[in-house]
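**Student:** With the sequences and hints as input, model every part of the structure.
If you want the building blocks of each chain, they are given just below.
2 protein chains.
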Amino acid sequence: MKKIVIIGGCAAGPKAAAKAKRENPENIVELYTMENMVSYSACGLPYFIEGVVPNINNLMIRSPEEFRKSGVEVFLNHTCTNICPENKTVTFNCTKEVNYDELILCLGSRPYNPPIKNFILDGVYNLKVIQDGINIKSRAQTSKSVLLIGGGYIALELMEAFVVNNLKITVVEKSSTILPLFDEDISNEIRKRIEENSKGLIEFIFNDEVVEFLGETSFEGAITKNGRKIDADFCVVAVGVRPNTQLAKDAGIELGITGAIKTDNKMRTSIQHIYAAGDCTEDIFIPTKQSVYLALGTIANKQGRVAAINASGIPNGKTEQFDGVLGSMVTKYFDFTVSATGLSERAALSLQNYINITPVSVVVDEYDKAGYMPSIGILKVKLVADKRTGEILGAQVIGTGDADKRIGVVASALRANLNINEFLHLDLPYAPPFSSTIDPLLTAAYKLKQKIDS
Amino acid sequence: MKKIVIIGGCAAGPKAAAKAKRENPENIVELYTMENMVSYSACGLPYFIEGVVPNINNLMIRSPEEFRKSGVEVFLNHTCTNICPENKTVTFNCTKEVNYDELILCLGSRPYNPPIKNFILDGVYNLKVIQDGINIKSRAQTSKSVLLIGGGYIALELMEAFVVNNLKITVVEKSSTILPLFDEDISNEIRKRIEENSKGLIEFIFNDEVVEFLGETSFEGAITKNGRKIDADFCVVAVGVRPNTQLAKDAGIELGITGAIKTDNKMRTSIQHIYAAGDCTEDIFIPTKQSVYLALGTIANKQGRVAAINASGIPNGKTEQFDGVLGSMVTKYFDFTVSATGLSERAALSLQNYINITPVSVVVDEYDKAGYMPSIGILKVKLVADKRTGEILGAQVIGTGDADKRIGVVASALRANLNINEFLHLDLPYAPPFSSTIDPLLTAAYKLKQKIDS
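Chains as they are written, first to last, in the working numbering: chain A, 14 to 467; chain B, 14 to 467.
Given that identical chains are not distinguished, each listed pair holds provided it fits within a single copy or across any two copies.
No more than 25 Å apart at the CA atoms, straight line, and that leaves these computed lysine to aspartate or glutamate pairs for DMTMM-like: (1) K462 <-> E39; (2) K205 <-> D348; (3) K393 <-> E202; (4) K15 <-> D466.
Calculated from the structure, these hints are not laboratory results. No experiment lies behind these values; they were computed from the predicted model shown.
**Tutor:** Written as structure tokens, this is what we have:
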């Protein structure tokens, strides 16, 4: 029997708490969060704002009462203010000291806000916690226009929500295109699709940055580096997140090269009896074995589970491992799906000087079903491999079809280090309503092999 | 420059012809078929009968003219009557002799018809070639009832087509359930779903066989082994196919243990300069390395391609390999998808005495999207592994969601011999409209690991 203390109440924390109790029901499991709720789907917030998810309560996964019933004690409004590994204690709200046998840190992440003059104004939002979703939705319903800073995939989900709500949207993105995780040829296609399906509501401003907000106490507009003045009723800043690590750092826990908490594959930090999981940790990127920082709900859930199993101490001495990530992602703009895994060509090229790879890629446009079926869509598949070894490095698939279906297949192949010859003839399920006889992914693989062999 | 002769005009043959010409445009490529058309999608026939594909011409993939334009000579109505490897010649229609440098046999398969008394009647159909589809459709439009012999997945596709056409359908299946390639717990679910969504039009008769047809010249009904009399306006027999091998056998080409033509992984038969591809060949089943006979369009296309590349002779001496199959399949009954790959639990258990495996399996029912999204469906996932090694052996996924999406992932994992620990934390793409945070497939993997470790 162990006392396991878990700090963090969104994804990794609740997962770890539930698992730690299930692994050994005799464990005392305590879950602390600084928020006034626990266990919710932050990923669902754009769909709440859009109106697809009608009620904010739908996003609540498990209530404190449900946790308590399963034997996990939940403490809301508890901000951790200190960790003392020597005494194996943590302090909440500067006053309440709690001891632990094993501690799991799920400290999460916070929105990154770029240095913008006059930033602190009413009407400037991030989208991170439930209350942010409620605030943005209520603001969207009484507004006519919005400034969206950032063109990543949370921004993309917000675009759809705002278009549905008939808001005029100005998107300012520092780089030359949206979704910078994709290669530019692919993200330009996505942008084109968005522009064609936005009822003229979206204006993109690329290669520029907001440097100043206008207004005394409330947001009234913005000025960009290039001198553009942007009028909008409110603003959402969505340019990524940073890991919450101060608490861990103060306790002497080692941070990694990315600035997030470093763990081993058992989710152990550098200090004994302290584990970490979720958005506060860095990950190993499987295709390159390098450290990477990715804040994603799936990763948080998996890491929370692994940390809990190992912290619980499995009777037979077995342990659970988390071996790394691929950066797999999917999102959509109305019926248009965008999905990716592993390295983009750009990312692979930028790594050429550090690791021994020679990136090569192909792009194909193929039907997502047998050509004679009704409502066929076109998928654009980009596949990246290493010309020297033939090893698959990554894929990007976009289109009206099941784009993400192909990305799952590539994710599985990347995990197994399949090379192009093994990948080429994958026996993927086929019937006319589901794919072309040779799946678009394999057509891409054929062309890529030709390039590799040439 | 080589003269490459290809026999067979449906899937593998046309694919091989196109590829042989593309590989080396100087090759003389001749494609012979006994039919009066070439290159069509037999897989699309059920959708033509249903009416989803409005015109039979939609199923024509490439016309003889298109082949000729690309430099491939097409010969229709040419039945191969003899192969003479010594002289490197083939004879068509008993009279026309043609020489070859390389020969690719894509002899296809023929419907298997069980021994039924009084079989040869008007109104008894197989579904194999284009004309069959035309005949069945036209018959369905003027009929009120049909007897369907066989409950496999072509039969399933026909059931949907007949329900749409408001026919009363009697299905007679020898075994105890439909889709015998699935485990019984899964196929019973599929049957339940069909029964609930068939407007009362389908009656299943299991554990019985049709032994006699009634009628003088036209089909008027049938009698089963158990003595049931079945009334129906016409009958479709869909109990599988057998490879066409007589021609190859007569030429001295080795057949495999399954009775189909044996090839190596370069699609070479036992006789030099003769390749084979598609439904006339047997395959290596990757999970067991045993020979297996599978007649599927995807496999035919891939093998046709590999045979063509190797027959063409690649300048730099490289060759192309086809390493085997997994039996991946997908089909649907209206919006209900059924999909599988690798070994079912039953198949694995039946192999226990031949290969060293200890099958273990789990079944989970999980949402296909985040639980709060609209129009969520439930997926049933069955995952089979080897308890000794943890190696994944197969999966079956059914449901209203993207069942086949998960099967592609498992197919990729099977190709790479991933074990449960590697499979467990696959980084699959996630967003609320596309899956639950932990994909149903991974939830199944978690539970399977517990069973393996216990």
